[in-house]
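Visitor: Residue-level listing of the chains:
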Amino acid sequence: MTRNDEPAGKPLTEPVLLILLSLADKPQHGYGLMKDIETLSHGRVRLSTGTLYGALRRLLEVSWIERFEQDDTSREKQAYKLTPAGRKQLRAELDRMKQLTRAAAARLKTREV
Amino acid sequence: MLPARIYRTLLRLYPNDYRALFAAEMSRAFRQAAEERRRQCGPAFVGFLLSELAGLLIGASAEWISKWTTDRSVRGRSLPDLRMLRPPGVPREVWFAGACLSAPDTSLPEELIDARNRVSLLVQRMVYAIANHDFPGARRYSNEERQARAQLRRLEERCHIEHSRD
Numbered sequence: 001m002t003r004n005d006e007p008a009g010k011p012l013t014e015p016v017l018l019i020l021l022s023l024a025d026k027p028q029h030g031y032g033l034m035k036d037i038e039t040l041s042h043g044r045v046r047l048s049t050g051t052l053y054g055a056l057r058r059l060l061e062v063s064w065i066e067r068f069e070q071d072d073t074s075r076e077k078q079a080y081k082l083t084p085a086g087r088k089q090l091r092a093e094l095d096r097m098k099q100l101t102r103a104a105a106a107r108l109k110t111r112e113v
Numbered sequence: 114m115l116p117a118r119i120y121r122t123l124l125r126l127y128p129n130d131y132r133a134l135f136a137a138e139m140s141r142a143f144r145q146a147a148e149e150r151r152r153q154c155g156p157a158f159v160g161f162l163l164s165e166l167a168g169l170l171i172g173a174s175a176e177w178i179s180k181w182t183t184d185r186s187v188r189g190r191s192l193p194d195l196r197m198l199r200p201p202g203v204p205r206e207v208w209f210a211g212a213c214l215s216a217p218d219t220s221l222p223e224e225l226i227d228a229r230n231r232v233s234l235l236v237q238r239m240v241y242a243i244a245n246h247d248f249p250g251a252r253r254y255s256n257e258e259r260q261a262r263a264q265l266r267r268l269e270e271r272c273h274i275e276h277s278r279d
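Residue numbers (the working numbering), protein chains in the order written: chain A, 1 to 113; chain B, 114 to 279.
So that you can see chain B by itself, here it is in the shape it has in the complex (with noise of 0.2 angstroms):
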């Protein structure tokens, strides 16, 4: 259907992270309505093409206007802050590393503290560089980490500190 598919292409007037949220939904919610209302005459379809289009128009500008003056904590409330989700692709366990080493325990040497936050950050622009197809990028980080990574077991094993298990 010609009209959903034009809809769907607008909806990318919209901020990324509503469209994360409600694209899906509207563009299925368009569908049904337009399904509707073209068993009607054919003025009240072309009326509510043209409802559909100004709401778009004036809803995508309206988001983002509230995109730029409302606070991020605020805009939390109601659609997902696209940094924090994890990319397609990207495993669960190692995304979730470089949260697990970010909170550091002040009672480790300084040194150990510092091998596991450069092995998290690796691990963050390992997944920074996946998530933008930067594959060569992400071997490099992958390299450096698996070095950072060794490097950080031979430390603990002199502090005699368990092996972090990721």
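Okay, chain A solo, but in the shape it has when bound (with noise of 0.2 angstroms):
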């Protein structure tokens, strides 16, 4: 396995998906991302603590997110952050999906017609 390039071709696992969608915008700290998660899938995935730290984790193997000290007063000092990497791994993905969806739109026009 090499850096960057972890998963590359394969698709994204929906939590993965998730928390680089949600980190794109803004860093986050943890339990921020829990709720961003939340409402960026209309509450259908709840990330538990654990799945959410491990999905951190290995992207933080990967270099696709960084995880900094915030200089805020906040009571949340960990806080992470999309890297270069991440970004064009999550626009790939982006891309992947739109061309799956124009194919799928594809077939299902030809089917109604």
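Just to be clear, a hint being listed does not mean it is correct.
In silico DSSO-like links for lysine-lysine, alpha-carbon gap of 30 angstroms or less [said to hold, decoys possible]:
hint, chain 1, residue 1, chain 2, residue 2
1, B, K180, A, K77
2, B, K180, A, K88
3, A, K10, B, K180
Here chain A is said to cover these stretches of chain B; the calculated rule only asks that three of the stretch's residues, wherever they fall, bring their Cβ under 8 angstroms from a Cβ of chain A [unchecked claim]:
hint, stretch
4, 135–142
5, 170–178
Since the hints were derived computationally from the structure, they do not count as laboratory data.
Small disclaimer: the values here were computed from a predicted structure and weren't measured.
Beta carbons: idealized from backbone N, C-alpha and C, even for Gly.
Join the two chains, each given in its own frame, into one complex according to the hints.
Guide: What follows is the structure, encoded as structure tokens:
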């Protein structure tokens, strides 16, 4: 396994995709991520702390996210942010999903006609 | 809060290096989530506790498997190598003395390099003994280290080399 390319070509798992999406616009801390993922998935996905931190560790290992200490006075000191490599992977995954959606829509259209 | 205390105890199922980095954060996130879920109805809170328990057991197993199957250098990208961390109570100067002395200067006499290595080794042993609460052992290494340092000083004087500051 080399850095930045862990699941190269492989679709991301749902928790990983949601974590990357949640970090796409701003850095978050652990509990913030849990809440945001619930909102992003309209309450469908509720990650347990064990699942969340397991996924965060794997993402740190492939350098898709970074851990840093926040300067503000909030209770949460440690936060996570997306790295350029992580953003690239997220874009690639979204492109893959778009392509799949287009293909699926085209198939459905053909069937309906 | 009892669930939080049980949760903290269950975190011991994780490997040491994982706990060193994430345990405090995980239990804080659990406490915050539990406070929120508690405000909802009873079954929702029970469901939350069960899912947390399952997540913790699965997560801990996955981390052990990962620890056994992943190369240490790869794992080091996300988790600290605990062997490299300075144990609590050990002064920075003592901890780094070993590292400073371990890069030998090949232009020096072999005898002097050996003496420096011996001091370094004894410091490391002393630190290890302190970290493991082996205080009689630490005292013994400290005495040996003092003698080795005196010997090193004599050698340095003989070779007209400035004393190492540590």
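Visitor: All hints, please: hold or fail.
Guide: Hint by hint, here is what the structure shows:
no., hint, verdict
1, B:K180 <-> A:K77, "holds, 26 angstroms"
2, B:K180 <-> A:K88, "holds, 28 angstroms"
3, A:K10 <-> B:K180, "holds, 23 angstroms"
4, 135–142, "holds (count 5)"
5, 170–178, "holds (count 6)"
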